[in-house]
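Given the coordinates of chain A, work out where chain B should sit on it, guided by the hints.
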Amino acid sequence: MKRLFFLFSISFSIVIFSSCTGRFDSMNTNPGAVTNASLKYILPYVQEIGAHLSATPYQLGDNLYAQRYCQYFANTQTAFSTDRYGYNDSWSTGGFWTPYYTTLKHLKVAKEIASKESSEINLYQMMRITLAYETASMTDIYGDIPYTTAGLGESQNKYDPQDSIYKDIFKELTEAVEVLNQNNSEQETVTSDNDLVFGGNIQKWIRFANSLRLRYALRISFKDPSWAKTEGEAALKAGIMESNSDNAYMTCNGKGAWGWGNPLYMMSTWHEFTMSAEMEKILKHLSTVEDPRMRLWFGQAEDYVAAKKDGTLSNYTGEQFAGLPNGMSSTEIGLPDNAATRHSVCLGLQAYPEWNSLDTPTSDVLNTTVTLPLKIMTYSEVCFLKAEAALLGWSGAGNAKENYYSGITASLADERSFLSNAALSPTTNDEIYMTTGDVAWDDNDTYEQKLEKIATQKWIALYPNGIEAWAECRRTGYPKLIPVLHSEETTIDPSKGQFIKKLRYPDSERRENAENATSSKLNNGQGDGPNVRVWWDTGRYK
Amino acid sequence: MKKNITQCRRFAGFFLVCMVTGFVTFIVSPIKAKSINIQALQQQNYKNVSGFILDEQGSAVIGATIQVQGTNLHTISDQNGFFTISIPESVNSIIISYIGYKNKIAYIGKENKLKITLSPASSSLNEVVVTALGIKREKKALGYAVQEVNTEGFTENRSISLSNMLQGKIAGVQISESGSGLGGSTRVILRGLNSLSGKNQPLWVVDGMPINDDSSGDVTEYGGSDLASAANQINPEDIENISILKGANAAALYGSRAENGAIVITTKKGVQGQPLHLEYTGNIQFNTVYNPYKFQNVYGQGSGGEFNISSKGSWGPKMQGQLIDNWHKTLYGDNYEQYKMLPQKDYISDFFNTGVMYTNSLTATAGSKNLTGRLSFTDSRNKGIVPNHSINRQYFDSNTEFKNTYLTIDTKVNYIRELTNNTPGQGSYGLMSQFITMPRSIRLSDLSNDIYKSNGQIKNWAGASENYSNPYGMILPSNGNKNVRNRILGLIRTSIKITDYLNLTGRVGIDWYNDQYRNYALHQTDGSVASEYAHSETTHKDFTSDLILNFNKNFGEFSTSANLGTSIENQQYEGLSGSAGQFLIQDFAWMSNGDTREASESFYKKEIQSVLGNASIGFKSMMYLDLTGRNDWSSTLPRANRSYFYPSISLSGILSEMMKLPNWIDYLKARTSWAKVGNDTDPYRLSYTYTKYSSLVNGGTILEMQLPDEMPLNNLKPESTNSYEAGLEWRLFHNRLSGDFTWYKSITTNQILAIDTPIPSGYTSKVINAGKIQSYGYELTLSGTPIQKKDWKWDITLNWGLNRTKCISLGGGVTRYTLGSTSIASVVVDKGHEYGDIVATNAYKRNSSGQILIGDDGLPLTETDKIIGNMMPKWTGSLTTTLQWKKIIFNTLIDMRYGGDFISMTDANACSSGTSKRTLQGRDKMVVDGIVESTGEKNEKEITAQEFYTKVGSSSGVAEEFMYKGTYIKMREISLGWILPQMWLKPLKIQSAKISVVGRNLFYIYKKAPVDPESALSNADYAQAFEYGSMPPTRTFGFSLNVKF
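These protein sequences, in sequence, are chains A and B. The first sequence lines up with residues 1 to 542 when you count with this note's numbering. The second sequence lines up with residues 1 to 1045 when you count with this note's numbering.
In isolation and in its complexed conformation, chain A is listed as follows (with noise of 0.2 Å):
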């Protein structure tokens, strides 16, 4: 018994003294994670997520505000107040701080990444150019934002004046193409796995990294014509989109759980929103013939089809093809004539070619997972970006009439090439369309007149695009939109033609980043709200 008590003594000795924690490192290592990772394969991470291809942010962002603000889409879900102004702060954060931070993180990580491994070189310039587009959307939606402590995992960033930030997107433009011009030697082989955007291509990131700044250079036109005139003319002579096959679009091919392909369309049989009345008149009396556009984005009413199936379209008191107003109050929306079915969802022909070509549709046409890819920047916007120039002298920029007819011209192209058979969308009255009304261009117009035509017809060719369009809107302050039904910022009259300015900051900056957020020095001394005008704001409209 007392050989057994010694024994025992020994073991517990042994165990009490040692312990075997060796196997606790590996035991602690998790097994579906890697500790390094190529570029290659976070560069298609930080396009998803920041052309927002998830339907979540894409809905929280774009459409419940962007596009709403754009006035591309009217509001139909009496729940959702963003149309009349209305603050959501999870929409705000998810739609567009959430995606942005999150893809800033990865740059400034994938910068420690391309500093060590040379073949990771181009990766990072691709990254690069990609983070300028979204830096400069955000920036656009809310003035001064946190940049360059930003992404670190510091609580407390400062926030950046727009200013300084146009000028590191400029930055990051110009030396990321020079870097590309350099053909470094064994780069990481990039296919459209890994770029879902260009596939590798790199002369096409370099004409879509020169047309950024062109865009950029344009958006502070008015606040500072030297300093626009200097990257513009810059940014035209490194070369620029040349043609649709420049285009940059995002892949969109997703069949997940969800069947979710293009975010706009998973979103769009919903019902929550439709075509706006601001869309409706431009697209049905801009020219002296209806757009081609409007039938190839957007659907013939529900009730109307549904009328003509059953043969009473005799007694159907709405339209075919129609848009509601911006800003309708919860009763409004509620009233049966402003019924989302009697009214343009985004049903048309580069979506679901049945529903507006076949005389009395079922929905059933409508049960297909849409992929058409998302719009980045076309090769119409660039043309559009070069009227403008010429418009402005700058050299390089050709001339206005040239950029602007081509610019309608790449952008008909453009979304025809999404049809499943060309035949659904006749070219018959294109000409007509280009040359009658206020698409016609007339030299002898006056430089508003020519800018408001040019702008008008880029806020149609950037469809869907809210986030570059309401910029654009609040640049030139064309198309003249209509002001909202009812604003639920006091700070915002739409009764005097006022219009929302610019996003406020979320919650949580004002509470765990109070000394930086709500900082009464913040966008030029004018503080944070949503009647604040962005730097590069000049007033053009209310």
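Misleading hints may appear alongside valid ones.
Claimed, not checked - In silico DSS-like links for lysine-lysine, alpha-carbon gap of 30 Å or less:
{"#": "1", "chain 1": "B", "residue 1": "Lys925", "chain 2": "A", "residue 2": "Lys496"}
{"#": "2", "chain 1": "A", "residue 1": "Lys496", "chain 2": "B", "residue 2": "Lys329"}
{"#": "3", "chain 1": "B", "residue 1": "Lys692", "chain 2": "A", "residue 2": "Lys521"}
{"#": "4", "chain 1": "A", "residue 1": "Lys542", "chain 2": "B", "residue 2": "Lys925"}
{"#": "5", "chain 1": "A", "residue 1": "Lys111", "chain 2": "B", "residue 2": "Lys329"}
{"#": "6", "chain 1": "A", "residue 1": "Lys108", "chain 2": "B", "residue 2": "Lys692"}
{"#": "7", "chain 1": "B", "residue 1": "Lys692", "chain 2": "A", "residue 2": "Lys116"}
{"#": "8", "chain 1": "B", "residue 1": "Lys831", "chain 2": "B", "residue 2": "Lys965"}
{"#": "9", "chain 1": "B", "residue 1": "Lys941", "chain 2": "A", "residue 2": "Lys308"}
{"#": "10", "chain 1": "B", "residue 1": "Lys1008", "chain 2": "B", "residue 2": "Lys345"}
{"#": "11", "chain 1": "A", "residue 1": "Lys521", "chain 2": "B", "residue 2": "Lys845"}
{"#": "12", "chain 1": "A", "residue 1": "Lys204", "chain 2": "A", "residue 2": "Lys281"}
{"#": "13", "chain 1": "B", "residue 1": "Lys717", "chain 2": "A", "residue 2": "Lys108"}
If you're looking for bench data, these hints aren't it; they were derived computationally from the structure.
Just chain B now, with coordinates in the frame of chain A:
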């Protein structure tokens, strides 16, 4: 590294030696033990003596020891107080001992059938409780609060979840059922919330082994299934005893997982020296649905008072039998006539069924002198109120124990099989949300008829819509889920008596379970794109082993008891899941039929190694000092901080022994203690890693890598909780009135927290070691016996508890920690505030005197980010009474809770869609009470109820309009039992039989909210603040029969 490996081998080798030794002893010792007996009592003839042991009230005494003096011969009385023992002819007396009672010597005359009545020990009742590591100790020796749960009614008044059966039985404990009904989760919080990590529930321990209590449910406001956590699967039939070790003090020896206390369950075993006994328990219970929410039955589908078939709200005209179009015709072109618009009052009672639960158990127990065994089988079938919802379980339990003078070997195998069909979901897309928002004029018969479109999708009154589904479509056999769980709880325990005072116990336990989950959505609602099929398989494995050396000796007036031990706890989780995507061939639910076929896997592993010890010194059975210490090494912490030590100390004194007190005080004890508990964290939180992002491109087939949302901290330290408690226990007036009062306080510091970081940080959270959370509370149990006569007995027990938790600091410059959010509000912990503030996404904008500000349109203005309430209850309590008349026993349990806010999304959604009775007011015109912001005048602008409720209602509405107090008083349990007279049973060879009628969750005596206040979204901390389209509550009625052969 190499050194450590060697040590590991040594450690493993040591275990092997122990097991072998144990095994050899097992083989050898019975022979040895027997030989001793034979030597001692050579050539004796034996006789059988049997009898009943009763207490002073004539009730059976279970577990009394019957011993022949000076020998090893002994047995224990069974559940009926019955014993039988074989003793030498020459012996003419036996000694009966039972804790809390005086020893009694019984003389054996000619009569071999004895009836022995015990009388209580005069000064104190030496109640025995099970404490940490399964060590039984006299309650009087403990310096901390332990409460025994009365498990008597457990097999009669059943619930599918064990936690539910604990409701109202423990002082200060908050047990809240969720709103998902049958099979849903239940939350158990012993002493408030100390951690921000979300881990605030106690550790469940079965026969000394911690078991897994994870929930496989994952619920948000958008849906998901809220499933009961794993510990609730313990079969109530097998439970002998439950003790609740409430604070960190009591649980110091179980380690970190018991930071929030422990629920310690001892299961039933065979009884030594008892012939084969069979026992049958049958139980049938019915769950009937009731609807606590008041809907309106006046206005039908439409908007602005006019019927409109495309309108989703109930803002139409009065329903007066006018003819309206049928949506079948309008939306789907079906040949349906117009029908009369009339209120459809009974959606809920028409749609839902009466749930039925049948339970049948058969138990066999037997024991010889050295070997005892118990085998039980329980079959439990539960049909939910949702037509296709069911949970069926089978339990097999086998427990054998070999015991002789030197060795005890215990093995236990528990196998549980559970099949769950179609757990209904809550949230905004859940089943109830459909009824809440559906216009009051839609007929159920239209929804259930003619349900399929030609493409297999399901027709619905709202047409193609993401937000509305046909409730009958949701319960189709082809749409639903199925989970099969197989679980094994196994335990081997060997205990060797080395000397009279030294004992070594080794224990190896495993809790293994595997879930096979399938989710089908073959017929989607109109407008949805995908058919879905997902299949996942997950396995949890908790392995625990320990080795404890136990020392027990008295030195004069000092008694000592000490344990020294080591333990290893290894937790592992593995999961593999796949989803098919859209089907190529309709209705063929198989992974290969999908067009995308995504697969993913998950893994989790951690280990804690510990060395632990405790010592208890008693003086003259009146003063006790307890010391414990434990050192843990956790795999989840960095090397330098991996090891952490935590001690506890407690002191108790029996004042009634130490000094002379008035006669009416039978027993008075004071106790106090301090304990520190360290805690580790989840694995993989120390360094940056890239994980795969589920890309939406190319069906997720391309590889995209992302950084984590949580910023890791490579220098994590263990967190620590310091807790103090003090208490008093008393028994007065000849034990007619007894009570227990506890005060406690705990401070948790260095919490391992993933604090929310503002978005520009690039991370959603950041791991830090900071924060200070402080809580205190009181617990009171009072029990009395106001009536105690020959035939009558009336017992009352009152439990009451209060807890307050406050956040002193969060650290890292952060002022808010968000526990969780839904669209309408978040639940946060703010620096300097009480735990669990509710922050509205939109709150009424008010002026300085609190009046609501109104816009020019007559509608209230709102502002964001405002604290509107707090979810923590102020106190909880319960009242149990047992009234006994002869063999008839009547039991009631009333449960109550005071305070704690929650938001009813049923109310918010019913208001925004015009189905709530609240929306009857102001249909034509109403004026919101408040001040117009622009003018400062009283608002006089007329609006309609529709305008008001569509603005303030729904998930994007104004939270405070739908916030209620969770206060309630509920008739939790009623049971009426009758023990059938012996004379009826004897001819049938039945030992005893009891019939009971039971009722559960019968009604609210009082409640504040318009919905069931016990219907949280899930058992997560934040979810307590939200009722979100919960299942309708049920009342349970049933019968139970218990027969012993």
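Structure-based check of each hint:
Between Lys925 of chain B and Lys496 of chain A the CA atoms are separated by roughly 29 Å; this keeps the pair inside 30 Å, and the hint holds. For the hint linking Lys496 of chain A to Lys329 of chain B, the alpha-carbon distance of about 46 Å lies beyond 30 Å, and the restraint is violated. For the proposed pair Lys692 of chain B and Lys521 of chain A, the alpha carbon gap of about 41 Å is over 30 Å, so the pair is violated. Among the hinted pairs, Lys542 of chain A with Lys925 of chain B is inconsistent with the structure: their alpha-carbon atoms are about 35 Å apart, more than 30 Å.
About 61 Å separates the Cα atoms of Lys111 of chain A and Lys329 of chain B, which puts this hinted pair outside 30 Å; it is violated. In summary, the hint linking Lys108 of chain A to Lys692 of chain B is supported, as the alpha carbons are separated by about 19 Å, within the 30 Å threshold. For the hint pairing Lys692 of chain B with Lys116 of chain A, the CA-to-CA distance comes to about 23 Å; that is within 30 Å, so the pair holds. Of the pairs offered as hints, the one joining Lys831 of chain B and Lys965 of chain B holds, with about 24 Å between alpha carbons and a cut-off of 30 Å not exceeded.
Only pairs whose Cα atoms come within 30 Å are accepted, and Lys941 of chain B paired with Lys308 of chain A is rejected, the gap being roughly 42 Å. Restraint check for Lys1008 of chain B and Lys345 of chain B: the C-alpha separation of about 24 Å stays at or below 30 Å, so the hint holds. Note on Lys521 of chain A and Lys845 of chain B: the hinted pairing holds, with a Cα-Cα distance of about 26 Å set against a maximum of 30 Å. For the suggested pair Lys204 of chain A and Lys281 of chain A, the alpha carbons sit about 36 Å apart, so the restraint of at most 30 Å is broken.
Simply put, Lys717 of chain B and Lys108 of chain A have alpha-carbon atoms about 28 Å apart, close enough for the 30 Å limit, and the pair holds.
In summary, the numbered hints that this structure violates are 2, 3, 4, 5, 9, 12.
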